[in-house]
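Visitor: Each protein sequence line maps, in turn, to chains A and B.
Okay, so the first sequence: first residue is 633 according to this note's numbering, each after it adds one.
Okay, so the second sequence: first residue is 51 according to this note's numbering, each after it adds one.
What the hints contain is simulated information worked out from the structure, not anything from laboratory work.
Glycine included, C-beta positions come from ideal geometry on N, C-alpha and C.
Treat the hints with caution; some may be incorrect.
Claimed, not checked - Taking lysine-lysine pairs in the DSBU-like style, the calculated list, with each CA pair at most 35 Å apart, reads:
no., chain 1, residue 1, chain 2, residue 2
1, B, Lys68, A, Lys1108
2, B, Lys97, A, Lys669
3, A, Lys1109, B, Lys139
4, B, Lys68, A, Lys1078
5, B, Lys97, A, Lys880
6, A, Lys905, B, Lys139
7, A, Lys1109, B, Lys68
8, A, Lys958, B, Lys97
9, A, Lys958, B, Lys139
10, B, Lys68, A, Lys958
11, B, Lys97, A, Lys797
12, A, Lys807, A, Lys1078
13, B, Lys68, A, Lys669
14, A, Lys1109, B, Lys97
15, B, Lys139, A, Lys1140
16, A, Lys729, B, Lys68
17, A, Lys1108, B, Lys97
18, B, Lys139, A, Lys1068
19, A, Lys712, B, Lys139
20, A, Lys729, B, Lys139
What the hints assert, rightly or not - Short derived list, chain B residues pointing at chain A, Cβ under 8 Å:
no., residue
21, Asn57
22, Leu59
23, Ile60
24, Asp61
25, Gly62
26, Val64
27, Asn98
28, Pro100
29, Glu113
30, Ser114
31, Val121
32, Arg124
Said to hold, decoys possible - Covered by chain B, per the in silico footprint, the following chain A stretches (three or more residues, Cβ under 8 Å):
no., segment
33, 649–661
34, 1023–1033
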Amino acid sequence: MYQYDAIDRDMLADRSAEFRGQVARRLAGELNEDQFKPLRLRNGLYLQLHAYMLRIAVPYGSLNPAQLRKLAWIARTYDKGYGHFTTRTNLQLHWIKLRDAPDIMDHLASVDMHAIQTSGNCVRNVSADPYAGATSEEVDDPRVWAEAIRQWSTVHPEFSYLPRKFKIAVTAAPKDRTAAKTHDIGLNLKRARDGALGFEVMVGGGLGRSPYIAPTIRQFLPASRLFSYLEAILRVYNRHGRRDNIHKARIKVLVATLGRDEFAHQVEAEWEKIGAAVDLPDDELARIRGAFTPNSFETLPPRSEALEAARAATPAFARFARNNLKPHKVPGYGIVEISLKAIGETPGDATSEQMEVVADLAERFGQNDIRVTHEQNLVLPHVKLDDVPTVWAALAEAGLATPNMNLVSDIIACPGLDYCALANARAISIAQNIAKTFADPDRAEKVGELKVKISGCINACGHHHVGHIGILGVDKKGEEFYQLTLGGSAAEDAAVGQALGPALPHDKVAEAVDTLVDVYLRERQDGERFLDTFRRTGVTPFKEAVYADAH
Amino acid sequence: MRALTANRLIDGEVVFWKAGEWVERFADADLFEAGDPRAEAAEAHGKNQPTVVVEPYLIDLIESEGLWAPVSYRERIRALGPSNLPHGKQTEGGAAIAALLHAHGGARSKGRVDLIKRK
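Next comes chain A alone, as it looks inside the complex (with noise of 0.2 Å):
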């Protein structure tokens, strides 16, 4: 993975001492309250419910045992013992008191990591497909992509004030698993006839209060030409975007009002006027590149006598392999999903100790490379398929080998009302219930592929605009109501759900997605999953049997 410079570790040392003393001036009472929020928030420090909330971010999902262990430390020593893993792959500890803040920052930047743009109006955390270097599907590795964006974007100070927060996602494969089309710049790479690698630029996405898939701007921009065209699009929207109303100051608004057309006009233009000089020169990609060099593999067999000899000897591998076993492109390896979503515990939730299991499987037979996703789960992308019943075994003894990857019960959640100061309702709770409600594992694979995601409020950091069944907390006269839509997508085949009716209270959720399942289970033709039962029938019979009784 990419190692930090001296450039990058001496900023990150300023940084940390200029925190060091905006706090010291904050306790002092040198800096008032509205005059330290900005800054702490520009170093991913929230004050929430319980305490504050430090949102640590984990550039493109990629972590190694080093971070994570030093991860697994700062919850233990400085928090409550676990992190949440969130749908940007950033790690929240909620239990940080102010006066450690200061001292946790400078633990990070020991390892590299840091918690700078993860709040304010900037571009935050970058992602990029966790099977990234380990996939067939790609065509090129996304990381040096994310790696190069993360670097440009890093406090660029053109793009430090912009109308609101900015989100990029990369990937490089036919299935996105990064929902790049909800974000504000997709980046989707591929290769033209002649070999050529270029990305389809996808602007304009994004959940909230006003859901957006994002049109495509550009069907094939040259890979080398990237920085340039990415400035002109911030620039337009820097020049163009609404400060003046918070609900409509992200992109996504901006796109909409002027058209697609009009809008990749303006950027066309744009890019025209700031020319090739603002590119990576080829020698910066080509030492970026370097840092993720393929990992050297093992000729191995397809085939791992080991692995097939587990799957007859034990049921519940043979299940963890069925649903978290994913192929390689390299004979004899795979890439195991790491599931933090056992049932009825918090979606997204690892304690330091089974983070620290997690730093030793990777140690010991993951290449030393572990990815967080934004369903909230963790990858080891490198495991030899001979290997693979012993990193079950010591993820089972730890918690960690849950068999429900994309299943009813791998749901994301946000912290919503439990920790956070914007949400109206629960969203953790609901999750635990939906998944108490489909633990029988054999039930769940039955239903098979099935996103669930849940909203604390409008602010959609659940994602649930784009859930399969998609469940949003509100506010009604003080009592927790849920709002239930169906037939979202947040991959390849993107799109926004669409409601199913009244909201329902608390209690009645679970019950009411048990019986979306079972009306999807009596109508599915062969081989469809939910998303498409849904969209061959529509929501009539869906809404017909939860709203039954009140008929």
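With chain A fixed as given, assemble chain B onto it according to the hints.
Guide: Relative to chain A, chain B alone:
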């Protein structure tokens, strides 16, 4: 009935006003009858302590099991800790915690809504 709450600056801890001090337990908080001007006086005092607390505001209370509890679910979570894990103040147990756990429904705190409107 009302109480005054805030988060403590240095650690973010949820605190409540009691006789000129900030205390951590809701059960220890001063309670103000509706219309009692001491509530606004305490709030004004809190706002003049920017190096001690952040964003003090008054919360509305209802009766629960013979004791008082915040009307809004949000404020009960602040007083108790999150519902997904046994963290925070709920671990202490006792009648005061039980009253908070068993309280029902209600509207948002007017004090909090006013705070949001001011922003």
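Visitor: Decide, hint by hint, whether the structure agrees.
Guide: Against the structure, the hints:
{"no.": "1", "hint": "B:Lys68 <-> A:Lys1108", "result": "holds, 32 Å"}
{"no.": "2", "hint": "B:Lys97 <-> A:Lys669", "result": "holds, 16 Å"}
{"no.": "3", "hint": "A:Lys1109 <-> B:Lys139", "result": "holds, 26 Å"}
{"no.": "4", "hint": "B:Lys68 <-> A:Lys1078", "result": "violated, 57 Å"}
{"no.": "5", "hint": "B:Lys97 <-> A:Lys880", "result": "holds, 32 Å"}
{"no.": "6", "hint": "A:Lys905 <-> B:Lys139", "result": "violated, 59 Å"}
{"no.": "7", "hint": "A:Lys1109 <-> B:Lys68", "result": "holds, 29 Å"}
{"no.": "8", "hint": "A:Lys958 <-> B:Lys97", "result": "violated, 56 Å"}
{"no.": "9", "hint": "A:Lys958 <-> B:Lys139", "result": "violated, 43 Å"}
{"no.": "10", "hint": "B:Lys68 <-> A:Lys958", "result": "violated, 58 Å"}
{"no.": "11", "hint": "B:Lys97 <-> A:Lys797", "result": "holds, 30 Å"}
{"no.": "12", "hint": "A:Lys807 <-> A:Lys1078", "result": "holds, 23 Å"}
{"no.": "13", "hint": "B:Lys68 <-> A:Lys669", "result": "holds, 27 Å"}
{"no.": "14", "hint": "A:Lys1109 <-> B:Lys97", "result": "holds, 28 Å"}
{"no.": "15", "hint": "B:Lys139 <-> A:Lys1140", "result": "holds, 28 Å"}
{"no.": "16", "hint": "A:Lys729 <-> B:Lys68", "result": "holds, 23 Å"}
{"no.": "17", "hint": "A:Lys1108 <-> B:Lys97", "result": "holds, 30 Å"}
{"no.": "18", "hint": "B:Lys139 <-> A:Lys1068", "result": "holds, 26 Å"}
{"no.": "19", "hint": "A:Lys712 <-> B:Lys139", "result": "holds, 13 Å"}
{"no.": "20", "hint": "A:Lys729 <-> B:Lys139", "result": "holds, 16 Å"}
{"no.": "21", "hint": "Asn57", "result": "holds, 6 Å"}
{"no.": "22", "hint": "Leu59", "result": "holds, 7 Å"}
{"no.": "23", "hint": "Ile60", "result": "holds, 5 Å"}
{"no.": "24", "hint": "Asp61", "result": "holds, 4 Å"}
{"no.": "25", "hint": "Gly62", "result": "holds, 4 Å"}
{"no.": "26", "hint": "Val64", "result": "holds, 6 Å"}
{"no.": "27", "hint": "Asn98", "result": "violated, 11 Å"}
{"no.": "28", "hint": "Pro100", "result": "holds, 5 Å"}
{"no.": "29", "hint": "Glu113", "result": "violated, 16 Å"}
{"no.": "30", "hint": "Ser114", "result": "violated, 14 Å"}
{"no.": "31", "hint": "Val121", "result": "holds, 7 Å"}
{"no.": "32", "hint": "Arg124", "result": "holds, 6 Å"}
{"no.": "33", "hint": "649–661", "result": "holds (count 4)"}
{"no.": "34", "hint": "1023–1033", "result": "violated (count 0)"}
In summary, the numbered hints that this structure violates are 4, 6, 8, 9, 10, 27, 29, 30 and 34.
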